[in-house]
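**Q** So the sequence lines, in the order shown, correspond to chains A and B. At position 117 of the first sequence the residue is numbered 141 (the working numbering), and the sequence of numbers has no breaks. At position 317 of the second sequence the residue is numbered 341 (the working numbering), and the sequence of numbers has no breaks.
You can take every hint at face value.
Identical copies look the same in the list; a pair holds intra-copy or inter-copy alike.
Computed list of lysine to any residue pairs in SDA-like fashion (alpha-carbon distance at most 25 Å, straight line):
no., residue 1, residue 2
1, LYS170, PHE309
2, LYS137, ARG106
3, LYS170, ARG298
Note that these hints are calculated values from the structure, not bench results.
Number of protein chains: 2
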Amino acid sequence: MTQDTNRQIVLAARPEGAPKDGDFRLVEAAVPEPGAGEMLCRTLYLSLDPYMRGRMNAAKSYAASAEIDQVMVGGAVSEVLRADLADFKPGDIVFAYSGWQDYWTSDGRGARKLDPALAPVSTALGVLGMPGMTAYTGLRNIGQPKEGETLVVAAASGPVGSLVGQIAKIEGCRAVGVAGSAEKCAYVTGELGFDACLNHRDQGFPEALAAACPGGIDVYWENVGGAVFQAVLPLLNPFARVPVCGLIAHYNATEPPPGPNQVPQLMRAVLSNRILVRGFIVWDFADQEDEFRDTVAGWIRDGRVKYREDIVEGLENAPRVFQGLLQGRNFGKQVIRVAPDPTL
Amino acid sequence: MTQDTNRQIVLAARPEGAPKDGDFRLVEAAVPEPGAGEMLCRTLYLSLDPYMRGRMNAAKSYAASAEIDQVMVGGAVSEVLRADLADFKPGDIVFAYSGWQDYWTSDGRGARKLDPALAPVSTALGVLGMPGMTAYTGLRNIGQPKEGETLVVAAASGPVGSLVGQIAKIEGCRAVGVAGSAEKCAYVTGELGFDACLNHRDQGFPEALAAACPGGIDVYWENVGGAVFQAVLPLLNPFARVPVCGLIAHYNATEPPPGPNQVPQLMRAVLSNRILVRGFIVWDFADQEDEFRDTVAGWIRDGRVKYREDIVEGLENAPRVFQGLLQGRNFGKQVIRVAPDPTL
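For reference, chain A alone in the conformation it holds in the complex (with noise of 0.2 Å):
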């Protein structure tokens, strides 16, 4: 069943700022129409990530800004409907950057066919996908965890965070989680496995990271920027290893947070101490896709790894949702159903 009309999402404004309702708009068009050599797709699952933050601004970063009017970026779960195309054939599902929209037409660069069999779809989007294997690269080829050592990471029940620990786990490592709110920490603990997980919110939260920590910390895995970093710092040994995905406490930032400058105190620690900060994105290891995935496939099926969807219906609430995931509300990889899974 499809609708008889593209609603799309396009980026309105460049926020100042955290994103408000106004900087997106709601747009309708015309289902498009493929050409020959083309495929039309619908929309099942789209990806929320914190770093379509970064996209939204003018500035330069990794990739390329969104542009004003166009629809907004994003990777999305799609059911081929239509296609003039050797490798794909209606009721495929693919896994493409497609963007927040119901429809779109493709040559099929881009595309990847997904294996329903494998896992549900919907991970594509996480612990499968690029959360995931952002997790499983940067641990390998930056945090590089050893038995016995200490890892921390924050947003813990988050897509990149939750692999992050359960990985340090398999590889016999003391986890130490950091989360946004009391039931994220008994989710990290209980259900993940990780040793400790502590709410940055609560008084006292640096305290409580030393002595989840007594032997110091040996990987610190950087997603999120700001006082957990500042509390990080003090505890990490000699030959520490810092990767860096994101900084999603200082992505809303307009100006920079008042004195005094740490930048000394930071640059001290990594003299002292020896340390390695070293950023990355996903694609920097794209040679290492298919080891990933079959590695975390296999230890999802084996049960040593578990993973958490926070889904949300309609691609109406995108918006708000992206602006809720960027203060921590979603609990799990935040996914937009878009459509009906015909493969559940």
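Chain A is already provided as a structure; the job is to place chain B on it using the hints.
**A** Only chain B this time, still in chain A's reference frame:
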């Protein structure tokens, strides 16, 4: 010719901020008597290095603190006067961390015999010693300059910075130095062959640095911190490497600098440009010592590497000269000549 007494400079007090005369005390002791299986040595050259400032603090760092009323730590080149040892005989020239004093005894452990035919023995404190090895191993293992890249190094006329830039030139890079006077900059470009050198005390230094690095910066060798790092940060290219071996601009700081807090800005650059920042000390690469010395000695013989020493006469002047070193008053590797060099 030997004196009757052993002059020693001891740590009198832990400095608050910049060290002052009263933080040191010159004491006179008897010349020590070597026992069976020991040797007596006379200091010829004492090395003064920025790292010594850290040792004067009580705070833990990568090495133990100096102790109050104990002889100041430091590397030195000495002559063996008497010896009851198989490996050392009178007249041998040795390097050891024997401290700020005229005479010392040892069972030979920690002493390394020097070859006066290889190079002047004072170079064991500079280009062929710890500073040179810092430059060589930090570049080889962390900076990894590649042909056509741009490297920036501060304290460019000093023993570490001058070798960092010359190795970068050997590797086919553009080498841009930063130094603290027009005279030093003229030496860095004229004698050492850097492509450019900027005086960080000049008005418009950040703009001049940007103009000297039209292709951005691929390797920034961090040995100073402060304003130089702030000017470098926006110029760093994707996948830039930042070996951190010193932060001399901060060593005398008693409190963090005023805000804003620029840690978020730094981490954002690290993330967006996938920058690697890694602290190290030379002994992390102790297994590369022979390779370093063979390689750099060869470059000196071939005229591909030049070095400069700033030699001041008299052990009694070490405290004053050390205070100047922390303010950049040295011009080349800072050495105190404690006694005449018999190899010259």
